[in-house]
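This is what each chain is made of:
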Amino acid sequence: MDSDQVLRALQHIVGTDYVRARPVDLLVYEYDGSVDGAVDTARPFAVVLPRSADEVAAVVKVAYDAGLPVVARGAGTGLSGGAVAQQGGIIIALTRMDRILEVNTVDRTALVEPGVINLELSEAVQHLGLFFAPDPSSQKACTVGGNVAENAGGPHCLKYGVTTNHILGLELVLPDGTVIWTDRARDGYGGLDLTSIVVGSEGMLGIVTKVLVKLTPIPASTGVYLAAFPTMDAAADVVTAIISHGTLPAALEMVDNLTIQAVEPVYHAGYPMDAGAVLLIELDGQESEVMETGLSVEELCQHGGASLVRSATDAGERARLWKGRKMALAAMGRLAPNYYLHDTVVPRTMLTKTLADVNRISDEFRLPIANVFHAGDGNLHPLMLFDRRAPGEMDRVLEASHAIIETCIGLGGTLSGEHGIGTEKRKYMPKVYSQDDLKAMAGVKRAFDPGGRFNPEKVFPKGYLCGDVLALATQFEAHAALHGIHPM
Amino acid sequence: MVDIDGVVPDRIERATSAAGIAELLVACAASAEHAPLTVVPIGGGTACGIANVVDRVDVAVDMSGLRGIERYNPADLTLTAHAGTTLEELQGELALHGQELPVEAPFAHRATIGGLMATAFAGPRRYGSGTLKDALIGASFVRGDGLVAKAGGMVVKNVSGFELSRFLHGSWGTLAIITSANLKVTPIPKADRTLSIPFGTTDQACDAFRQVVDGGLRPSAAEIEVSPLESMLHVRVLGTRSGVESQTSTLERALARLPQYRRDGDESKAFWRGLGESWAAGTDGTVQIVVGVRPREVPEVVAGIAGSGARPDIETLLVSPGTGTIRARFPVESIAPTEFWAAMSSLRARDSGTALVEFAPASWRRNLDVWGPPPTSITMMRAVKREFDPHGMLNRGRMMI
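Same order as they appear, the protein sequences are chains B and C. Counted from 1, the first sequence has number 120 at position 121 by numbering that gives the first Met the number 0; the numbering is strictly sequential. Counted from 1, the second sequence has number 291 at position 292 by numbering that gives the first Met the number 0; the numbering is strictly sequential.
Note that these hints are calculated values from the structure, not bench results. Where is the CB? At the ideal position from N, CA and C, for every residue including glycine. Be careful, since some hints might not be right.
[Unchecked claim] Only part of the chain C face toward chain B is listed, based on derived beta-carbon distances under 7 Å:
1. C47
2. A119
3. K156
4. M399
[Said to hold, decoys possible] Calculated lysine-lysine pairs in the DSSO-like style (CA-CA distance at most 27 Å, straight line):
5. C/K183 / B/K158
6. C/K183 / B/K352
7. C/K268 / B/K158
8. C/K183 / B/K430
[Said to hold, decoys possible] Listing some non-contacts, in silico: residues in chain B with all C-beta distances to chain C over 10 Å:
9. H11
10. Q138
11. L328
12. A329
13. R365
14. D386
15. K424
Work out the full structure: start from the sequences and follow the hints.
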C-alpha cells in the first residue's frame with residue numbers, strides 16, 4: 000500500500016474531515032506536554048480521529064496491513080512524551096470519542112469512552128453524590144483514556160489511590176484489530192487480570208475504546224488545614240509524623256518558599272511569604288471524624304514547630320487555600336521563562352534527605368529549583384527554572400535532572416510516580432530494573448503486540464524492543480527450539 | 000503429606016531461594032521438551048481444592064521454607080515478605096507497631112502471602128479495604144521459563160514500567176512462582192463494629208444495604224446470610240471511635256430500626272473470621288458455587304439460582320451486595336455436574352459475570368471444567384501464558400489457562 004492508498008483507506012473509515020495529513024495540521028500532534036529538549040518531537044504520517052471502537056479497529060487493521068506504527072493520543076497533556084509518534088505512523092486521536100455511555104448508581108460505575116475529560120466526568124455525576132477520584136493537575140483537559148494509559152495520579156490519590164484503583168474493565172483494540180473486554184477478572188476467578196496490566200502500559204499493549212470506571216461517593220464533610228513551617232525539613236518531618244500516626248488525609252501537599260514567592264503575590268492564597276514551606280492537609284469523611292482527626296493533625300503540626308496553623312471548612316476558604324497549590328505551575332512564569340517539572344518518588348522517611356540533596360543539586364548546577372508536591376506519597380516534583388535562550392542552560396537542566404534521578408534512586412526511590420516513562424525516562428529504566436526484570440515486562444509486550452507496532456520507542460530503553468530486536472529474539476528462540484537449546 | 004485432590008505428587012521440592020526455584024524449573028523444562036509436565040506451587044494449601052482435577056502431578060513446589068519478613072520500615076508503612084510467610088505471622092509482626100495489612104483472608108495461620116497473591120483471596124473485608132492487589136507495591140517471582148525477575152519497588156506510588164505485580168495477583172500460579180511481595184500497610188483502625196439486621200427476604204436485605212450506603216455509610220464489609228428462615232444483613236464499620244459511632248447512627252437512621260446484634264472490637268473481628276472461614280473450605284458431601292456479577296444484578300441472580308433446579312436442596316447462600324459475589328452450597332447428590340452447568344446457562348451468558356464451582360468433592364469435579372466457559376479475552380491470556388511459561392508446566396490442566 001502506498002501513502003495515498005493508506006490515506007484513502009483511512010478517509011473511507013472515518014470520513015475525509017477526520018484524517019489530517021498536511022504538515023500544518025500535523026504540527027500540534029508533534030508535541031505533548033513534555034519539555035522540548037527532554038523529549039524529542041516527531042511528526043506522524045497522519046492523524047485519524049475516529050468516533051467508535053469499530054472505526055479504531057478498522058484504522059488499526061489498515062496500519063497493520065501497511066506496516067505502520069500506531070500511537071493512541073488523548074488530550075496530549077502527558078509529561079513524558081508518551082503520545083508523540085517517535086517512529087511516525089498513524090496517531091489515533093481519541094478526543095471525539097467523548098461520550099459517557101452509562102452511569103449506574105447501584106454499582107457506582109460509569110462506562111465511558113476514552114476521550115471523556117477527567118473533570119467533566121466528575122461534574123457529570125456530581126448531582127448523584129459521586130465523583131471520579133483520580134485528579135491529575137491537568138484534569139480540566141486530560142482524558143480518562145490518557146489517565147488509563149499513564150496510570151495517572153493527583154493530590155487526592157493519597158487516600159483514594161491512583162487510576163488503576165478505579166478501573167474495573169476495559170474494551171481494548173489489539174494490534175491485529177481484534178476487540179476484547181477485560182472486566183471478568185475483578186474477583187480473581189475470571190482468568191488473568193488483563194485490566195491491571197493494561198492500565199499504566201502507556202498505549203503499548205492496546206488502544207482503549209471503552210472504560211468501566213468506579214465512582215466514589217463525595218465525602219460528607221471536608222476540612223483543609225494550612226500549616227506553615229520555618230524550614231522544609233520541619234515540614235517533611237511532620238509529613239512523616241502524620242502518616243505514621245494513623246491519620247490518612249485525603250491530600251497532603253507541600254509548597255516550598257520559592258513556590259510561595261511565585262504564587263502568593265498574585266493569587267493571595269494566604270501562604271506566609273517568610274515560611275520555609277507550607278503543608279496543605281485535606282481531611283474528609285463523616286463530620287465527627289474530620290473534627291477528630293483535625294485535632295490530631297493540628298497537634299502534630301504545632302508539635303513539629305509550625306509557625307501558623309489555619310483551618311478552613313467552608314468551600315470558599317478551602318478553594319482559596321488550594322488555589323496557591325493548584326496555580327503554582329502557572330505562576331512560575333513570574334520567576335523564569337521556562338521550567339522543567341520532574342516526577343520521582345522516594346520512601347516517605349527519605350523526604351528530608353532527598354529535599355536536602357535537591358537543594359545541593361540546585362546550588363551545584365546554578366538552577367533555582369522549586370518544590371511543590373504530593374508529600375504524603377513521597378512523590379516529589381522538583382521544578383527547575385531556566386531560560387531556554389541562555390546558551391548551555393538546557394544542557395545544565397538535563398544534567399541536574401540526571402543528578403536528581405540518581406539521588407532518588409540511591410535513596411530507594413523510583414523513576415516516576417505519576418507522569419510515566421515514555422521517552423523521557425526510558426534510558427533510566429536499567430537503573431531500577433535488571434535486564435531480566437525488563438525481559439519479564441517485554442514478555443507481556445510481545446504477547447499483546449508481537450510486531451512491536453503500538454507506541455514504539457517508549458518505556459523500554461532504546462533498541463530494546465524495536466521490531467528488529469523482536470524479530471531477532473523470535474528467530475533465536477525458533478533456532479533454539481530446533482536445536483534443543485532452552486531459550487533463556 | 001502433600002496431596003492435591005487425592006493425587007500425591009511424584010516429587011516434592013522444598014523451595015529455599017528464587018535461584019533454586021529457577022534451577023528446578025529449567026530442569027523441569029528440559030524434561031517437558033519430551034513429555035508434558037505438571038508443576039504445582041503450594042503455599043498453605045488452603046486453595047488446593049479449587050481447580051480442575053488432574054490425574055498426576057509431577058512436581059509440587061513447597062513454598063513454606065521461603066518464609067519471614069525480609070524488611071519492614073514501620074515509619075514508611077512498607078514491607079517485603081517472603082511468599083511462604085503466613086498472614087498470621089505477618090499481622091503479628093505488624094501489630095507490634097500498631098499496623099496491619101488490611102486483608103483478612105480466611106485461615107490466616109495457614110494462608111501465605113504468595114498464596115493470597117496467587118488466588119486473590121481476601122475475605123469479606125474485600126468490599127471496603129480491597130484485596131492484596133491494592134496493597135501491592137512490588138513483587139519478585141520466577142517465571143515458568145526460569146527467568147528470575149522483580150517488578151515495582153518500595154514506594155507507594157510508581158508508574159515506572161508495566162504493573163507486573165498487580166498482574167500476577169489472581170494468576171493462580173499459571174505464569175510464575177511468586178517469591179516475595181512488597182506491601183504497603185496501614186495503621187490498625189481504632190474502632191471495629193458489626194451490626195446484624197434480620198430481613199424476611201434477600202431483596203429486602205439488598206434494599207436495606209442500598210439505603211445504608213446511599214445514606215453515607217462506608218462499610219468495610221457487608222454480607223447477607225440467607226437461610227430458609229431469614230436473610231441476615233451483617234454490616235461492619237471500621238475507623239475512629241467517633242467515626243464508628245456516627246456511622247452507627249447513620250445506619251439506624253437510614254433503616255429506621257435498631258440492629259438485632261451489635262458486636263464490637265475483638266468480637267466483631269472474630270465474627271467475620273468465622274463467617275469468612277465457614278465459606279472458604281469445602282465440606283463433605285456439598286458443592287459450593289460462586290457467582291460474580293455486577294452489584295445491581297444481585298437480586299435477579301439470587302432468584303435465578305433459586306430457580307436453577309438445585310433450589311429444594313440449597314442449604315444456604317452468602318450474598319455480598321456490595322461486590323456482587325454470591326455463594327451457594329447444596330448437597331452433592333442433589334445435582335449432577337452436567338445438569339449443574341445447564342442450570343447455570345443463564346449466568347454463563349452474561350459477559351460481565353463469572354460462575355464457577357468453588358468447592359466440591361474431587362469425584363464430582365472430575366469430569367467438569369470448574370472454571371466454566373472462558374471469557375472472550377482468553378486468547379490474549381493464553382498468549383501471555385506462552386511467554387511466561389512456554390512449556391505450559393505451571394498448574395497444567397488445573398486452572399483456566
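Against the earlier hints, flag every one the structure doesn't satisfy and list their numbers going up. The structure breaks hints 1, 15; every other hint is satisfied.
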